[in-house]
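Line by line, the protein sequences are chains A and B. Here the first sequence stands for residues 416 to 529, where the numbers follow our numbering. Here the second sequence stands for residues 11 to 123, where the numbers follow our numbering.
Derived from the structure by calculation, the hints contain no laboratory data. Being a predicted model, the structure only gives us computed values, none of them experimental. Hints are all accurate, no fakes.
Quick partial rundown of chain A residues pointing at chain B, CB under 10 Å, derived from the structure: (1) Y448; (2) S457; (3) L462; (4) F506; (5) L517; (6) A521.
We put the beta carbon where it would ideally sit given N, CA and C, even for glycine.
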Amino acid sequence: AQTVTQSQPEMSVQEAETVTLSCTYDTSESDYYLFWYKQPPSRQMILVIRQEAYKQQNATENRFSVNFQKAAKSFSLKISDSQLGDAAMYFCAYKRENGNKLVFGAGTILRVKS
Amino acid sequence: KAGVTQTPRYLIKTRGQQVTLSCSPISGHRSVSWYQQTPGQGLQFLFEYFSETQRNKGNFPGRFSGRQFSNSRSEMNVSTLELGDSALYLCASSLGQGFNEQFFGPGTRLTVL
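Excised from the complex, chain B in its bound form (with noise of 0.2 Å):
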């Protein structure tokens, strides 16, 4: 079984553009979160869905977006990006919702100049 891909692994944006990440889960995991990873703030979690809802969202602004699709892919957005944005952001799926193991993709690396 293919694991999570996260595409593009790599991206160099500029302050104020906007910025689509893509996640794609492990084939039939219906849940996917997103974290997002700098040295300065660790670990955050940014948003998680299930079944194309979104089911839970962290501490972050408006600026950051997210859907899934029926496919169970999904997509985050960010808008008017800030130096700040630059961090590693990673992707997790699972079967669903509760202990089912979470599988974490490589992440995409953004970088904000």
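This is chain A alone, in the form it adopts within the complex (with noise of 0.2 Å):
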């Protein structure tokens, strides 16, 4: 079975500054998509940027970016110029070629400090 595990429980970064959050998975397939997404406390889920895995370049979207690194497994996110509307849990999750499921890490809750 796929997991994910995302080890902070919680991060902070002064506004403006740069975070990264990490993720590392487990899984036996060689096809599969990665993703960030980010719950605020209104708690609607958004997708923030996604990977397939088959693409060796880094997925970037506006201030957001990962560093996918798939013979290690892991899948980070940095956050540049952050800024206060950041401030949510984010979920790293995973999902297999076919179907729909995804299967989410623990999260992480991002703190931003004015």
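Dock chain to chain to rebuild the complex, using the hints, since each chain is given by itself in its own frame.
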């Protein structure tokens, strides 16, 4: 069974600074997808960024980028120029190539200080 | 386009009762997945429906069931409620299966007393 581990229960970052959230996963499959989701206090889950495992190039979405290390099974999220609105719970998630089942990590609470 | 809607948003039940939660996916989306979110267990996959067929099921007891209608709307039912069923139940919809983005609804907060 696939597992996703987020080892940082909570992180803090100063506004305008950069923060990196860690995620590791375990799978025996070669084709899969990885995601970072954000869940603000309002609780609506929002997709931040996604990565196809077959792509070596790291995904980037504006201030959000990932460091995908397939061999190490690591998928970290970097948030640049942090903003107050980035404060939320961040979940790393894994999905097999087929189907829509997401396997989530435990989440990391990100606090942004002004 | 309207987002994923879930009704009701809040629900209070007592042990032993049953409950039905509803999820309306984004128009045109045919896949609906359900997740249970609790502080202790985190986000856990319940089941996935695509074209009215259950495609995948998580590791939950048979008290948890679901279905999908021809208009892609989905319902999940929990019978004989237990205190441990108190959770936020999230629904996610997508166009189909594969790499399509999944859009989450606001959730239904179920409290079992």
